[in-house]
Amino acid sequence: MKKILLISSFLLMGQISLCVLARSANCETLLKQITDASDATARTAAISTLVRLGNNPVCFAEIVDNSPAGERGAYAVFLKYLELHRTDKQAGSSVGTGGTTNLVSKGVTAKALSVAAEYGALTQSVSNQIVTVQGSLDGFPAAFIRQGLFPYCLPDNANHSACTEERVLSFLRRISYGISFDTSQNSQAISGTASETQQGTTQPVTFTPNGHQISSITGRYILWNARDATSEAFKTKWKSALSTSAGTPSPMLLENAGDSLMSSLISLVPPASNELFNDWSTRAAQALSGARNEDVISQWDDCARQLVELLTTGISTYHCGAPPETFSKDKIAKYTDPKLPEHAMAFLQALSEYRYEEDAFVADIADKPVLTFEYNNNRPLGQSSLSTFRLIFDKGIGKNWSVTANGAFTTYDAQPPASIPGANRLRDSQLGVQVNRSLGTLAFLGAATVSGTYYFQYQNSPAILNVTPSMPLSGITLTGIPGDATQVFAQKGNLQVAQLKLALGAGQSNVRFPIAFSYSNRTELIAKPEWRAQFGITYDFDSLFAGN
Amino acid sequence: MSNADPAGNCRLVPTPADPNCDFRATPGSVSLEVKALTGSVLFLKVKYNGTTIVDTTPTDKISFVIVPGMTNLDVIYVFSDTTNGKGSLNEVCSANTLLKNVSADNPAVQYVICS
Numbered sequence: 001m002k003k004i005l006l007i008s009s010f011l012l013m014g015q016i017s018l019c020v021l022a023r024s025a026n027c028e029t030l031l032k033q034i035t036d037a038s039d040a041t042a043r044t045a046a047i048s049t050l051v052r053l054g055n056n057p058v059c060f061a062e063i064v065d066n067s068p069a070g071e072r073g074a075y076a077v078f079l080k081y082l083e084l085h086r087t088d089k090q091a092g093s094s095v096g097t098g099g100t101t102n103l104v105s106k107g108v109t110a111k112a113l114s115v116a117a118e119y120g121a122l123t124q125s126v127s128n129q130i131v132t133v134q135g136s137l138d139g140f141p142a143a144f145i146r147q148g149l150f151p152y153c154l155p156d157n158a159n160h161s162a163c164t165e166e167r168v169l170s171f172l173r174r175i176s177y178g179i180s181f182d183t184s185q186n187s188q189a190i191s192g193t194a195s196e197t198q199q200g201t202t203q204p205v206t207f208t209p210n211g212h213q214i215s216s217i218t219g220r221y222i223l224w225n226a227r228d229a230t231s232e233a234f235k236t237k238w239k240s241a242l243s244t245s246a247g248t249p250s251p252m253l254l255e256n257a258g259d260s261l262m263s264s265l266i267s268l269v270p271p272a273s274n275e276l277f278n279d280w281s282t283r284a285a286q287a288l289s290g291a292r293n294e295d296v297i298s299q300w301d302d303c304a305r306q307l308v309e310l311l312t313t314g315i316s317t318y319h320c321g322a323p324p325e326t327f328s329k330d331k332i333a334k335y336t337d338p339k340l341p342e343h344a345m346a347f348l349q350a351l352s353e354y355r356y357e358e359d360a361f362v363a364d365i366a367d368k369p370v371l372t373f374e375y376n377n378n379r380p381l382g383q384s385s386l387s388t389f390r391l392i393f394d395k396g397i398g399k400n401w402s403v404t405a406n407g408a409f410t411t412y413d414a415q416p417p418a419s420i421p422g423a424n425r426l427r428d429s430q431l432g433v434q435v436n437r438s439l440g441t442l443a444f445l446g447a448a449t450v451s452g453t454y455y456f457q458y459q460n461s462p463a464i465l466n467v468t469p470s471m472p473l474s475g476i477t478l479t480g481i482p483g484d485a486t487q488v489f490a491q492k493g494n495l496q497v498a499q500l501k502l503a504l505g506a507g508q509s510n511v512r513f514p515i516a517f518s519y520s521n522r523t524e525l526i527a528k529p530e531w532r533a534q535f536g537i538t539y540d541f542d543s544l545f546a547g548n
Numbered sequence: 549m550s551n552a553d554p555a556g557n558c559r560l561v562p563t564p565a566d567p568n569c570d571f572r573a574t575p576g577s578v579s580l581e582v583k584a585l586t587g588s589v590l591f592l593k594v595k596y597n598g599t600t601i602v603d604t605t606p607t608d609k610i611s612f613v614i615v616p617g618m619t620n621l622d623v624i625y626v627f628s629d630t631t632n633g634k635g636s637l638n639e640v641c642s643a644n645t646l647l648k649n650v651s652a653d654n655p656a657v658q659y660v661i662c663s
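Protein sequences, first through last, are from chains A and B. Our numbering puts the first residue of the first sequence at 1, with every later residue one more than the last. Our numbering puts the first residue of the second sequence at 549, with every later residue one more than the last.
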């Protein structure tokens, strides 16, 4: 793992240096059990535990990793890493071709964004013709951890100079972002204005784009997070979530990390049939048994060095009790593995990723945001930019119920014209309460939730629309408007909306279908009661990427 | 290697003083369970002698057939308390033999069964 850090340092600073590392902390703990043993039986058991390296593969991996062979292996891994992570290869079609998603053909490309996209830092939902991309800030370091660019701190690696700590990720997990894009066809319009005098039947025109693709930007910070990682309810939910691949949270990333850890464990620890390793275990146990307490560490250092040399080359200059058994060339070839240092690094990296996924899975179940602050900068088409400041309260009640309450106010980003009666910067204030009830898993329909919502909006300032007579707003027809009018405004009035919603999950898939009916006494623009029905679709990409 | 015989219908005997084997066993079917002491703990992935025992659904009990010779039992544990999680590996038998302690610090373990 330290070598991966070394590689990262090289990439960041453009230089590489090999460093000599201290004795493994994991082995130190086992050595201490030998020297602290209360009697001969306990001492023998502690020695056997130490030399049966499969019982503590972290100790074994760190022995290999800290050895000279480990340093050489790190360089080999580094070269392989560079080749695997070359980004000077075009992915997808080039610019100018019909189906490309690339704006430019690349020489090299930034990795961070594609890593984030490929590994589930982002989730998307589509609402009407708005596509919202959102995620939490921990998604980026998580992507780096899953790529092996930065290690995740293990409990005992206090001596490591740099790793991503759980508390840092926990903090970043509190901060989330969202960007909404207006994907409707009319959102990208071009207006032309005559720039010079007409010349015959031709007219020079200056074109102005009105892309307006980013319709809102949102930032959230969880002020109060309730964590329950010990109750029986949590344990039950943790076990249930682990057994449900399409559930929330999905265990697939943890499962995949477990697969990698299992593979790397088997590659690292010599199998029970490895006679060379078994011979070493027997001799090391005898050597440590005969050593005085003050000599245990130095004896172990020699034995550990001998083990790495024997397993990588079949010969060693170090001493560990009796001389090693002599094996035939065939057996030496069978029992040795020159790639052992690479396996050690792969194991430590897989363990780091596994520990991260284990923590992340628990956090998804145990951490519930109770109080969240949200800032939303909304730039609706044809309206002045708005800023909304919102407090969100969310609390579960019992097993199936939860209550969500919102309090918010919205301001215009610019002072509205004084010519609009009653207009000022404070546009409106809002209050919303939603009660949710989980219906459990229904036959054919999957997980289902029903909710009832009441929303009240005090309209302090009238809603204002920006108009351009030469380019009417999509879906809005204005008649009798003076040709030089640039803004129109609606009547003030309090707005009340009630909604009943059923959210369905389709079987084992990650698709969710919300169906809702709502009634409002008016809208911001129309001062008449209105019934509406809404139907949506959401997709959780996390488990899809995990499946890859 | 310990010469102790398994009790009752138990097949496995821990051998703490053996530098090569974790357990001595008589060949045949065996069931193991992991019991939680702090938090919850399950088998996430298990392979015995190269054969997958647990792959997709985490469980607290596993069964397999011990074959003669020195064989590996590779286990990946998953803990609900990722910092302090502790548990024990026991055989499901009349004596419910305690085979090993397991800890969240060490989720990947390779045991050697000598039969």
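Read the hints as simulated data drawn from the structure, not as lab findings. Just to be clear, a hint being listed does not mean it is correct.
[Stated by the list, open to error] Straight line, CA to CA, 20 Å or less: simulated DMTMM-like cross-link-like pairs of lysine to aspartate or glutamate: (1) A:K32 / A:D259; (2) A:K235 / B:D608; (3) A:K32 / A:E294; (4) B:K634 / A:E275; (5) A:K32 / B:E581; (6) B:K609 / A:D259; (7) B:K634 / B:D653; (8) B:K583 / B:D653; (9) A:K239 / A:D228; (10) A:K237 / A:D484; (11) B:K634 / A:E232; (12) A:K239 / B:D603; (13) A:K368 / A:E166; (14) A:K237 / B:D608; (15) B:K583 / A:E275; (16) A:K237 / A:E28; (17) A:K329 / A:E294; (18) A:K239 / B:E581; (19) B:K634 / A:E374; (20) A:K501 / A:D364; (21) A:K239 / B:D608; (22) A:K368 / A:E530; (23) A:K399 / A:D359; (24) A:K334 / A:E374; (25) A:K331 / A:D364; (26) A:K368 / A:E275; (27) A:K235 / B:D653; (28) A:K528 / A:D484; (29) A:K368 / A:E342; (30) B:K648 / B:D608; (31) B:K634 / B:E581; (32) A:K331 / B:D603.
In this text the structure is predicted, and so the values were computed from the model without any measurement.
Consistency of the hints with the structure:
Restraint check for K32 (chain A) and D259 (chain A): not satisfied, since their Cα atoms lie roughly 32 Å apart, outside the 20 Å limit. For the suggested pair K235 (chain A) and D608 (chain B), the alpha carbons sit about 13 Å apart, so the restraint of at most 20 Å is met. For the hint pairing K32 (chain A) with E294 (chain A), the CA-to-CA distance comes to about 11 Å; that is within 20 Å, so the pair holds. Taking the CA atoms of K634 (chain B) and E275 (chain A), the gap is about 33 Å. The hint is violated against a cut of 20 Å.
The straight-line distance between the Cα atoms of K32 (chain A) and E581 (chain B) is roughly 29 Å, outside the 20 Å bound, and the hint therefore fails. Distance hint between K609 (chain B) and D259 (chain A) is fulfilled; the C-alpha atoms sit about 19 Å from each other, no more than 20 Å. A hinted pair counts as satisfied when its Cα atoms are at most 20 Å apart, and K634 (chain B) with D653 (chain B) qualifies at roughly 9 Å. Distance check on the hinted pair: K583 (chain B) and D653 (chain B) sit about 16 Å apart at the alpha-carbon level, within 20 Å; holds.
Our distance criterion of 20 Å between C-alpha atoms is met by K239 (chain A) and D228 (chain A), whose separation comes to about 15 Å. In summary, the hint linking K237 (chain A) to D484 (chain A) is not supported, as the alpha carbons are separated by about 62 Å, beyond the 20 Å threshold. For the given pair, K634 (chain B) sits about 16 Å from E232 (chain A) by alpha-carbon distance, which is consistent with the 20 Å threshold. Note on K239 (chain A) and D603 (chain B): the hinted pairing holds, with a Cα-Cα distance of about 15 Å set against a maximum of 20 Å.
At roughly 17 Å between alpha-carbon atoms, K368 (chain A) and E166 (chain A) fall within 20 Å of each other, so this suggested pair holds. For the hint pairing K237 (chain A) with D608 (chain B), the CA-to-CA distance comes to about 15 Å; that is within 20 Å, so the pair holds. Under the criterion of a C-alpha separation no larger than 20 Å, the hint pairing K583 (chain B) with E275 (chain A) is inconsistent with the structure, at around 33 Å. Proposed proximity of K237 (chain A) and E28 (chain A) is contradicted: the alpha carbons are some 37 Å apart, above 20 Å.
Between K329 (chain A) and E294 (chain A) the CA atoms are separated by roughly 37 Å; this puts the pair beyond 20 Å, and the hint is violated. In summary, the hint linking K239 (chain A) to E581 (chain B) is supported, as the alpha carbons are separated by about 15 Å, within the 20 Å threshold. For the hint linking K634 (chain B) to E374 (chain A), the alpha-carbon distance of about 39 Å lies beyond 20 Å, and the restraint is violated. For the suggested pair K501 (chain A) and D364 (chain A), the alpha carbons sit about 25 Å apart, so the restraint of at most 20 Å is broken.
Simply put, K239 (chain A) and D608 (chain B) have alpha-carbon atoms about 10 Å apart, close enough for the 20 Å limit, and the pair holds. With a C-alpha separation of about 35 Å, the suggested pair K368 (chain A) and E530 (chain A) falls outside the 20 Å cut-off, and the hint is violated. For the hint pairing K399 (chain A) with D359 (chain A), the CA-to-CA distance comes to about 23 Å; that exceeds 20 Å, so the pair is violated. Of the supplied pair hints, the one linking K334 (chain A) and E374 (chain A) is violated, its CA atoms being roughly 61 Å apart against a limit of 20 Å.
For the hint pairing K331 (chain A) with D364 (chain A), the CA-to-CA distance comes to about 49 Å; that exceeds 20 Å, so the pair is violated. For the hint linking K368 (chain A) to E275 (chain A), the alpha-carbon distance of about 52 Å lies beyond 20 Å, and the restraint is violated. Of the pairs offered as hints, the one joining K235 (chain A) and D653 (chain B) holds, with about 19 Å between alpha carbons and a cut-off of 20 Å not exceeded. Under the criterion of a C-alpha separation no larger than 20 Å, the hint pairing K528 (chain A) with D484 (chain A) is inconsistent with the structure, at around 29 Å.
For the suggested pair K368 (chain A) and E342 (chain A), the alpha carbons sit about 40 Å apart, so the restraint of at most 20 Å is broken. This hinted pair checks out: K648 (chain B) and D608 (chain B) have alpha carbons roughly 15 Å apart, not beyond 20 Å. Among the hinted pairs, K634 (chain B) with E581 (chain B) is consistent with the structure: their alpha-carbon atoms are about 14 Å apart, no more than 20 Å. The straight-line distance between the Cα atoms of K331 (chain A) and D603 (chain B) is roughly 32 Å, outside the 20 Å bound, and the hint therefore fails.
Going through the hint list in order, the structure does not satisfy hints 1, 4, 5, 10, 15, 16, 17, 19, 20, 22, 23, 24, 25, 26, 28, 29, 32.
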